[in-house]
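The primary structure of each chain is shown beneath.
There are 2 protein chains.
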Amino acid sequence: MPEQSPPPDTYSLNSQLQSSQLQALVEQIRAGSPRALARAITSVENRNSDSAALLKALFPYTGKALVVGLTGAPGSGKSTLVDQLAREYRKQGKTVGIIAVDPTSPYTGGAILGDRIRMQAHHADPGIYIRSMATRGSLGGLARTTADVASVLDAAGRDILLIETVGVGQDEVDIVRLADVTIVILVPGMGDDVQTIKAGIMEIADVFVINKSDREGAERVEREIRAMQALAVRHDDWVPPIVKTIASEGIGIGELAEAINRYVGYLAESGAGDRKKEQNWRGRLVEMLRDSLLERVVLDHVGEDAIAGYASDVAQHKRDPYSLVEQIVADFSSNSTSTVEK
Amino acid sequence: MPEQSPPPDTYSLNSQLQSSQLQALVEQIRAGSPRALARAITSVENRNSDSAALLKALFPYTGKALVVGLTGAPGSGKSTLVDQLAREYRKQGKTVGIIAVDPTSPYTGGAILGDRIRMQAHHADPGIYIRSMATRGSLGGLARTTADVASVLDAAGRDILLIETVGVGQDEVDIVRLADVTIVILVPGMGDDVQTIKAGIMEIADVFVINKSDREGAERVEREIRAMQALAVRHDDWVPPIVKTIASEGIGIGELAEAINRYVGYLAESGAGDRKKEQNWRGRLVEMLRDSLLERVVLDHVGEDAIAGYASDVAQHKRDPYSLVEQIVADFSSNSTSTVEK
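Residue numbers (the working numbering), protein chains in the order written: chain E, 678 to 1019; chain X, 678 to 1019.
Treat the hints with caution; some may be incorrect.
Since copy identity is lost for identical chains, a pair holds within one copy or between any two.
What the hints assert, rightly or not - In silico BS3-like pairs for lysine-lysine, Cα to Cα no more than 25 Å straight-line:
| id | residue 1 | residue 2 |
| --- | --- | --- |
| 1 | K995 | K741 |
| 2 | K771 | K953 |
| 3 | K995 | K954 |
| 4 | K768 | K995 |
| 5 | K995 | K733 |
| 6 | K995 | K953 |
| 7 | K733 | K768 |
| 8 | K921 | K995 |
| 9 | K741 | K954 |
| 10 | K771 | K995 |
| 11 | K953 | K741 |
| 12 | K954 | K768 |
| 13 | K921 | K741 |
| 14 | K921 | K733 |
| 15 | K768 | K953 |
| 16 | K954 | K921 |
| 17 | K953 | K733 |
Hints in this document: simulated from the structure, not taken from any laboratory.
Being a predicted model, the structure only gives us computed values, none of them experimental.
I would like the entire structure built from these sequences, with the hints used as guidance.
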């Protein structure tokens, strides 16, 4: 990092932070400063030039939070359930971070407004931190950004991270794969609701929730889940429990926290938790490599202008894109074997 | 390509094709052989070792098809509309390829069954070729695979390619971006249907369809689209028309084909078509680079086993993932400047 005169009493997160400033920011995040936390998350979301150094500096303090992923179709009462679950954990004296990811939401402004309304519902309890994410960077996936934001909250000492997503696309499956515990929320009477949630998410559910369970058809949803479980092949011997809730009335929330707790106990005893963390990191490393390689090649090695020129050539059929990509990759590669210690 | 003895009278698409075999396959695809087409598409979908050579060989014959992307929420009557539109183009003597992409569909088997039912509806007209895609490879995105399958159908001489997707995730936005013409399908009475479709898709609509337009609320949907258009900023001066259809009765289909035709005329006259193709290719090149780089690094340079080992180290906090990724990328890079002719 180049030596430069630091701006007094402030972090400029758009330029390179000095080591000492970085360390100060890390300390403030760990001390729970909401301002430092908000700045760090914004830096990570925008993947600005400081974010890599910041994530590196925070890494030693991560790995302690329990990450719970919750997914369900629009209208399944996901946010209400997440808020109630956060309240339950607060009663147990635990601090909570909520990351609400909704790539289908058309209005980022709406997401921010939603945050404020939800924050008010928690009476500005500093033990609950809520962040909504509706966008993704041009070079990085939403899953990676969510993972990085979760790392910041983890390093900030949040005991429980609740990540909620609409379970509709590949992004959401990737996001849910970051979690230690995955919860799939279904509701009765939404017709083919079991089918409208992406299959991959149904398969990785560790706990099922039937929310709005006072509605007609709750038993049918339960039977459908059981039927699906009979067909599904899990890589461990955990049988995902089905918890019935009415989130709007706070019914079944204690039971849900209990079911999560039982699964966490199972993860620890069986060793499945370590395997899950390894698998999650495998996915994250691959995603980080993908982004990092692309960034190096497109921005530094070839240049955006050259890419635009190539695109024009290909569009005019002056050049075949397959040979072009092969050549760029070959040029970039040193053909050396990896020197990274194994 | 290494010299090897060719298997008699057959292409083995799991091993490297000889030049002569590849040329034969290309000729059969161009001659419209359904068997050759099916094999080529399967090869491209699975991204097996021959697919790159095949796509390269087919590239000179691509760029002639009109690619129409159609997107709408589940229940919007998308498939029926696409089938009717295909029928309309057949009446005009044009050949059609349909690619149905539904990443939310839990059952690939269901997709294949759906293909058969839809094929029967077209009385086995060889002028309509239907392929459903519900999965994606581990290293490649669904958007890229869809683009490659579209290239095969394009090289096979299909005049019109209809690509239908459920407009819910980023994958679908990327898929729609491949198209020359983008059609967004809405239906009355689905409540917040305008909002449940991803914002990015609304913005790139070139033609709006209000399907099931005999239902109550069609005028409200139209007003909502008009209100949204007043806010949206297009990069050209095209005002997307709104076409009302009742696809199940074949009503409004001719008008839709006509609206598409007008937009195609506009693209040609204004030069916007060339810019669109360049933009599409820019996105495709970046995606191809991303996949290709990752494949080279993960499979050839580092190796899957080493990645698994690193993931284990990171999960145990023995190693920080950010420095690790930086080092792998630096190792892989030759630091040379690009030699690709600009």
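Non-conforming hints, listed in increasing numerical order
Hints 4, 7, 8, 10, 12, 13, 14, 15 and 16 are the ones this structure does not satisfy, whereas the remaining hints hold.
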